Amino acid sequence: MNRAAEIAQQKALPSISPCAMIPLGMADPTYIPGIAPTVLGSPRHSLLVRTTHWIHTAAFLGLLVSGIAILLAHPRLYWGEAGGVGAPSLIDLPLPFVLTGQTGWGRSLHFLSAWVCVLAGLPYVLSGIFGCHFRDDFFSSQTLYNPIQRVAYVAVVFGLFPLIVATGLAMSPAISSVFPELVVLLQGQQSARTIHFFVAALLVVFLIAHVTMVVRAGFIHRMRGMITGERL
Amino acid sequence: MSSSLSRRRLLAGASIATGAVGLTVAARLARRYGLIPPDSGGIFGATETLTYASQRILMARHPLAREFDRSQISRATPINGDPPEDETYQRLQKDDFANWKISVEGLVARPASFTLAELKRLPARTQITHLACEEGWSFIAEWTGVPLSYILNLTGVLPQARYVAFFPFDISWDSVDMGDALHPQTLLAYAMNGQMLTVPHGAPLRLRVARQLGYKSVKYLSRMLVTETLKSIRNGLGSISPDLGYSWYAGI
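First to last, the protein sequences are chains A and B.
Residue numbers for the first sequence follow my numbering, beginning at 1 and rising by one.
Residue numbers for the second sequence follow my numbering, beginning at 1001 and rising by one.
Since the hints were made in silico from the structure, they are not lab data.
None of these values were measured; they are calculated from a predicted model.
Beta carbons are placed, not taken as given, at the ideal position from N, Cα and C, and that holds for glycine.
Where hints are given, some of them may not hold.
If you want the ones that stay clear, here's a sample from chain B, every Cβ over 12 Å from chain A, calculated [claimed, not checked]:
1) Ile1043
2) Leu1064
3) Leu1122
Between beta-carbon pairs, the in silico distance windows are [as the list claims (entries may be wrong)]:
4) B:Ile1057 with A:Val98: 27 to 37 Å
5) A:Val204 with B:Ile1043: 22 to 32 Å
6) A:Val165 with B:Pro1111: 44 to 54 Å
Model the full assembly from the supplied sequences, consistent with the hints where possible.
Okay, structure coming up:
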């Protein structure tokens, strides 16, 4: 093989750190040829991002509906280790106490959705970190997204998501026997429940802002981008 | 083109085969090590099994539930549910459960029954633990009772035993696996905060399972059954909870 051909081949092959070498959007390791009709040669969102996005959409709705069902059994928040009727509360939410057994399916749906969320979250986060997704979209100077969007996404992926999982686990009497430090760090099991509620509320605010921006940016195009991966 | 297609097919076939073999092996191992809960069927069964199995693996070294100081004991101790309407229970209550007994049956070498006075003469354990209701509220209290493991050793649990089922004076019932049954903090509790158990809190004897939600701590106990399988008992799901929409395992 002559030297020119060698250089050409090196250029064509992705290097170990492909993000810096290959133009934006071209470097996605999860890009599968032929799946998405594209203009620039790569999809707006990789197949993995699109798949996990919709799995997370379903799981988030499941968690939200079931979370409300569970909350309504005792819509009162406490701080510290323990709390109940007769103990001082932190916040009495303006919601009725509903005791119709909805926490039964509520808890089952909550755990089904939580498992789906975490199991789909792992490949998303790992490929985001070790691939180019987070670098290109969150931390690159050539990103398509504005600073507020980037801060919001980073806060959700690296802040709110781990925190809602940790506070959820801290409420478990079994998990708290395995990791007592987690409960101590969160100031007690009722504090964990209260933090879990506020993180969920912040995630709902994020969801509303996210959907609003999608609508304002062109609902059809953005939806197409997240379903088929097609660019504008 | 055709060679890449056949290679893709081969890869897909190989990964499906590996997945199927992996799942079969996982299921067999899970069954062997008791990682499948009795209510593993239905739409929520798979994730219920994931929760139970992963928590059982995490708790392989049988860690203790957190214990607290006297100063952390809750002033308010809410209750759920009504005392049994059962006539026998009400008759026993009239003379402060002096004639009450709990029986230990099933896979034990020496089936036995114990009166309250007999239980109180056995070695006791006192612990201050957190009790969380699945509704979301909780309290911390001091519990005194005989470790269930002590009773199981006394009656001689047979090696094939895998669960202990608890039957109170009402229609509810529940069970725990041997991991929880032999756990040092699992008590047959007769006192709470230094006083004999009151009727609303489950007099004369209630189970206390420190690492599960409150509904596992069955009140008003009357009978215990050591068993290899839960399939032959009532609904076959290990507890009344699945009938009411709740999961058998309440470690959450």
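How the hints compare with the structure:
A beta-carbon of chain A comes within 12 Å of the beta-carbon of isoleucine 1043 of chain B; the shortest separation is about 8 Å. A Cβ of chain A approaches the Cβ of leucine 1064 of chain B within 12 Å, the least distance being about 6 Å, so the stated non-interface status is violated. With a least CB separation of 25 Å from chain A, leucine 1122 of chain B remains clear of the 12 Å interface cut-off, as annotated. Between isoleucine 1057 of chain B and valine 98 of chain A the beta carbon distance is about 35 Å. The supplied range of 27 to 37 Å therefore holds.
Look at valine 204 of chain A against isoleucine 1043 of chain B: about 25 Å separates their beta carbons, and that is inside 22 to 32 Å. Here the CB-CB span from valine 165 of chain A to proline 1111 of chain B is close to 46 Å, well matched to the stated 44 to 54 Å.
The structure fails hints 1 and 2 (numbered hints given earlier, in ascending order).
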